[in-house]
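Asker: Protein sequences, first through last, are from chains H and V. Going by this note's numbering, the first sequence opens with residue 1, and the numbers climb by one from there. Going by this note's numbering, the second sequence opens with residue 1, and the numbers climb by one from there.
Hints may contain errors.
[To be verified] Quick list of in silico lysine to aspartate or glutamate cross-link-like pairs, EDC-like style, CA-CA up to 20 Å:
{"#": "1", "chain 1": "H", "residue 1": "K369", "chain 2": "V", "residue 2": "D3"}
{"#": "2", "chain 1": "H", "residue 1": "K562", "chain 2": "H", "residue 2": "D619"}
{"#": "3", "chain 1": "H", "residue 1": "K442", "chain 2": "H", "residue 2": "E430"}
{"#": "4", "chain 1": "H", "residue 1": "K84", "chain 2": "H", "residue 2": "D70"}
{"#": "5", "chain 1": "H", "residue 1": "K369", "chain 2": "V", "residue 2": "D123"}
{"#": "6", "chain 1": "H", "residue 1": "K442", "chain 2": "V", "residue 2": "E193"}
{"#": "7", "chain 1": "H", "residue 1": "K438", "chain 2": "V", "residue 2": "D123"}
{"#": "8", "chain 1": "H", "residue 1": "K37", "chain 2": "H", "residue 2": "D328"}
{"#": "9", "chain 1": "H", "residue 1": "K143", "chain 2": "H", "residue 2": "E208"}
{"#": "10", "chain 1": "H", "residue 1": "K442", "chain 2": "H", "residue 2": "D459"}
{"#": "11", "chain 1": "H", "residue 1": "K27", "chain 2": "H", "residue 2": "E40"}
{"#": "12", "chain 1": "H", "residue 1": "K380", "chain 2": "H", "residue 2": "D368"}
[Unchecked claim] Derived Cβ-Cβ restraints for the label pairs, each shown as a range:
{"#": "13", "chain 1": "H", "residue 1": "A287", "chain 2": "V", "residue 2": "L208", "range": "53 to 59 Å"}
{"#": "14", "chain 1": "V", "residue 1": "S152", "chain 2": "H", "residue 2": "Q383", "range": "56 to 62 Å"}
{"#": "15", "chain 1": "V", "residue 1": "L177", "chain 2": "H", "residue 2": "N109", "range": "41 to 47 Å"}
Don't read these hints as lab results, they were simulated from the structure. Only a predicted model underlies this, so the values are computations on that prediction, with no experimental measurement involved. By construction, the Cβ of each residue, glycine as well, lies at the ideal position given by its N, Cα and C atoms.
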Amino acid sequence: MDRIAEERVLVVESLRVSYETRRGDVKAVRDVSFKIKRGEALGLVGESGCGKSTTAMAIMGYLSSNGRVDGGRVLFQGENLVGKTDKELQPIRGSRMAMVYQDPMTTLNPSLRIERQLTEVLVVHEGLTKREAHERCIEMLEKVQMPDPGQMMKRYPHEISGGQQQRAVIAMSLLCNPALLIMDEPTTGLDVTVEATVLDLVRALRNEFDSALLYISHNLGVIARVCDRIGVMYCGELLEEGRVEDIFLNPLHPYTKSLLGCIPSVGTSKTVVPLRPIPGRVPALNALPAGCVFEPRCGYSEERCREVHPPLVTIEGDRSVRCARWEDMGEMVTPVSDDLAVSLTVRDKREDTEPLLSLSHLKTFYTDKPSWIGRLVAGKKEQCVKAVDDVSVDLESQTILGVVGESGCGKTSLAKTIVGLIAPTEGRIEFLGVDVSKIVEKRPGGIRKELQMVFQNPDSTLNPTQSVRQIIARPLQISHTVVRSQIQEEVCRLLDVVNLDESYLGSRPTHMSGGEKQRVAIARAIASRPELVVCDEPVSSLDVSVQGAVLNTLLDIQRVYKTSLLFISHDLGVVRYLCDVIVVMYLGKVCEIGPGEALFTPPYHPYTEALLSAVPVPDPTVKQARIRLEGSVPSALNPPTGCRFHTRCPRKVGEICEMTEPPAQLVSEGHVIYCHIPLGYLRQVKPVIHGE
Amino acid sequence: MTDRQDMNWICNQWRKLRTSRVAFLLESNLALIGLSIVILWVVVAILAPLLAPYAPNNITGESNGAPSMTHPMGTDHLGRDVFSRLLYGSRSILLLAPFSVLCAVMMGITLGLTAGFFGGIVDEVMMRILDAVMAFPVLLLYMIIIAAVGASAINVVIAITIGGTPGITRIVRSLALDVRSREFVQAARLRGESPLYIMFREILPNCLGPLIVDTCLRVGYATFAIGTLGFLGLGLPPPDPDWGRMVAEGRVWILTAPWTVLFPSLAISSLVVGLNLFADGLSEASRRI
């Protein structure tokens with residue numbers, strides 16, 4: 001009896017959590033049950049609003065003042081935590097149960113040094129003296145692979161990088177060797193290469209401390225890398241639970257199946273496997289369907305799914321699923337509706353014409369000239385951020401060019417310069433044969449309407465005081481794409497192209513979801529039938545199931561209107577899926593350009609190789625090489641000399657990398673690598689991802 | 001219509017009001033109280049000829065007569081009925097205050113949008129000039145203007161407009177700076193929209209929220225300012241019933257005939273309090289949205 005109780009560190013039974021709002025009670029979590037054993041890692045995966053963070057907060061007792069646990073039990077090492085007061089929970093939190101949040105900058109107190117924050121945990125929970133606590137903290141910082149722990153302790157949070165902050169938070173949570181560690185999207189705000197190192201750390205720590213781990217994320221790739229078991233949540237309910245391999249290889253719930261089918265991964269491109277987005281949207285919590293909560297969007301539902309709420313059925317002892325038709329899942333072929341599947345792009349073979357967009361030695365620098373007072377009194381110097389430094393790329397018509405890179409690589413600055421929101425500092429931009437190396441207000445009107453942009457943030461991309469009809473009609477009026485009398489008809493047609501119903505015409509953006517707003521933004525951009533649309537991370541802030549719909553919309557547009565796209569993203573999977581040619585950027589410079597398939601197979605630029613090995617792939621059977629970069633991206637204010645990547649490059653040749661800029665090496669038609677390493681050697685490198 | 005149909009219609013109208021876009025006004029108690037006071041005065045101003053027992057400028061009683069059955073609020077030093085003068089006085093103040101604030105808002109919007117949108121030297125020069133105007137104590141500013149151009153209704157409006165423009169310009173400018181960085185404004189630039197279009201059709205509608213609340217507050221200040229100007233003898237010329245002037249004229253007799261000062265003062269305060277409550281309630285409700 002004792003051994004079983006010991007083994008199950010956390011048992012959540014039929015947990016129900018609701019929030020009081022002005023519109024009544026919102027049942028955010030309904031009947032969620034799972035168990036985590038000592039040393040096991042359970043990943044809770046789901047989209048935004050599915051209740052995974054609420055569940056974590058309820059377990060820790062951190063629900064906000066209008067939230068309460070309506071029912072169920074949370075058994076932590078045998079004790080029921082529901083109903084306990086803060087005073088009773090205080091000895092447990094931090095010592096036996098710890099949590100790591102998403103944003104380390106807000107988890108750490110910005111006005112206290114790291115030392116003070118870490119030692120406080122030990123002083124309060126274990127009664128150690130400051131000196132003893134200090135020793136323990138240094139040990140722990142070494143375990144989380146923090147460079148120079150002694151120095152680190154004396155710093156303030158804002159003086160260390162994001163990855164280091166998160167390590168400090170992880171160290172803080174592990175100081176008392178807790179039985180349960182909850183991590184709520186700890187790597188979401190970090191760059192891919194930094195994320196990879198933090199995930200490695202979490203895996204290593206799991207082996208060393210046998211804490212139970214509850215890992216929450218919306219990213220299936222990350223969960224596949226870190227966890228043993230997965231629980232899939234949707235709209236407040238747990239739909240499926242089981243081992244990672246079982247769930248990925250043989251998903252039983254239609255939602256899980258659809259979710260796996262709509263994630264672009266580094267292995268697939270649009271010509272191989274089309275994305276199948278999930279139609280519809282997540283139901284509002286105050287208008288839940290009577291039967292199965294996923295039924296309105298499910299392709300396999302029957303009458304009984306609409307009427308009866310399915311119970312959680314346990315299969316084979318370690319798997320459970322909440323679906324009335326789970327037994328039939330094996331035989332089912334995913335229905336692919338015609339308008340969702342993407343037909344392969346058949347490109348008209350054009351004769352060798354001029355490229356649509358040609359960038360030569362483009363440079364965009366942001367200079368910060370301090371006022372004469374600043375210079376006199378504070379000794380401030382002129383600072384220059386070389387956001388885009390000598391980029392030369394050609395974009396052919398009817399292609400999709402992807403620009404990928406981490407934060408600070410200059411991709412957004414590149415987009416803004418091409419489009420004209422920022423004036424280039426040097427260099428030339430040629431579009432449709434016309435020199436447009438100036439700010440948009442100075443460009444000729446005819447050129448302006450051929451070059452449009454889709455922005456990153458769906459919440460600020462549309463004017464909230466205008467209706468969808470006005471938003472889409474305006475560019476039509478300005479560019480005279482159609483005669484006045486036909487404008488309304490054209491607006492409806494554009495909505496149809498982006499898969500939105502006519503009923504949206506009168507709505508305002510405030511009532512629309514992120515995916516819908518982004519689609520309206522796309523309709524607005526293509527209204528004037530531009531030749532080139534620049535897309536700046538248009539799907540980064542959208543849920544996975546919605547991303548697919550927007551990506552497919554972009555593909556449809558490219559196919560129907562023969563538009564070219566310049567697609568910017570930090571997500572390699574999306575770029576791989578969508579783009580014909582990909583440009584990899586690092587700190588303002590181009591590392592590698594090439595067609596999609598060529599880029600993702602050797603020879604690689606060392607940075608591309610590192611990116612590929614860092615990206616979490618949502619498939620536990622895939623073998624991924626493990627190449628990790630030290631440190632984080634250097635500041636753009638003071639970039640390294642020579643090859644910008646040499647400070648972190650695992651394949652650095654020697655002094656030549658520090659002194660001279662790398663030459664362009666032509667690998668094959670259209671594939672260029674900028675590196676000092678000779679091509680022959682690069683060709684022999686093993687592929688990073690194999691086993692798909 | 002039958003009684004039942006009447007009731008249904010009323011219920012429907014009420015329900016429509018509650019779910020309409022102005023419904024948030026009804027949620028705030030403060031706003032409701034403030035609004036009621038203001039509406040009360042508006043009704044009084046409109047119905048003044050019907051409600052007032054005497055014409056405001058006629059001498060109908062003894063000098064400084066105490067409140068009585070014939071003169072519910074007494075008479076002033078010339079024998080005019082205070083009550084009637086009060087009712088008629090509401091007209092000029094309720095006309096001038098919102099009108100002058102409206103002028104100030106229109107000027108402020110134009111200047112603020114220009115400064116916020118163009119930035120650079122245009123912004124710097126405009127803001128420094130307005131800073132200079134704002135540096136003057138408001139009352140002194142009013143006095144200088146009226147002394148220069150003379151006392152009349154239009155000049156009161158001009159004075160209040162000049163006094164209120166810098167503050168409004170600042171608010172609009174900071175709102176415009178914030179909205180200008182949003183992506184839909186960038187999209188408008190990409191379309192090649194003219195600066196005028198971007199300022200007035202893209203940026204301005206998104207600044208209205210805080211601006212409306214500020215405007216309501218300013219109507220309160222303007223009411224008070226008009227009262228003060230009247231008190232200083234710089235408001236509407238006599239014999240028009242001007243609450244501020246009534247207070248000024250009655251001040252000399254305050255010990256023997258306090259009603260000549262008390263009632264006009266209460267009138268000014270109640271209107272200002274009503275407007276302020278309404279503005280507070282509006283800002284509370286708009287924050288909750």
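Asker: Would you check the hint for H/K442 and V/E193, treating anything up to 20 Å between C-alpha atoms as holding?
Answerer: Since the Cα atoms of H/K442 and V/E193 sit roughly 12 Å apart, the hinted pair holds (cutoff 20 Å).
Asker: Would you check the hint for H/K84 and H/D70, treating anything up to 20 Å between C-alpha atoms as holding?
Answerer: holds, 14 Å
Asker: Verify the proposed pairing of H/K380 with H/D368, using a straight-line Cα cut of 20 Å.
Answerer: holds, 10 Å
Asker: May I ask you to test the hint 53 to 59 Å on the CB atoms belonging to H/A287 and V/L208?
Answerer: For V/L208 against H/A287, whose Cβ atoms are near 31 Å apart, the range 53 to 59 Å is violated.
Asker: Is it true that the CA of H/K37 sits at most 20 Å from the CA of H/D328?
Answerer: Violated, because 31 Å separates the two Cα atoms, which is more than 20 Å.
Asker: Is H/K27 within 20 Å of H/E40, Cα to Cα?
Answerer: The hint is violated at about 29 Å.
Asker: Holds or violated: H/K369 and V/D3, Cα atoms, limit 20 Å.
Answerer: Since the Cα atoms of H/K369 and V/D3 sit roughly 76 Å apart, the hinted pair is violated (cutoff 20 Å).
Asker: Given the hint that H/K442 pairs with H/E430, test it: the Cα-Cα distance must not exceed 20 Å.
Answerer: Holds, at about 14 Å.
Asker: For the range 41 to 47 Å, tell me whether the beta carbons of V/L177 and H/N109 fit it or not.
Answerer: The hint (41 to 47 Å, Cβ to Cβ) is violated, given that V/L177 and H/N109 are roughly 31 Å apart.
Asker: Next pair to validate is H/K438 with V/D123; report whether the Cα-Cα distance is within 20 Å.
Answerer: Cα-Cα ~24 Å, so violated.
Asker: For the pair supplied as a hint, H/K442 and H/D459, is the alpha-carbon distance within the 20 Å limit?
Answerer: violated, 29 Å
Asker: With the threshold set at 20 Å, check whether the alpha-carbon distance from H/K369 to V/D123 stays at or below it.
Answerer: holds, 19 Å
Checked against the numbered hints given earlier, this structure breaks hints 1, 2, 7, 8, 10, 11, 13 and 15; the rest are met.
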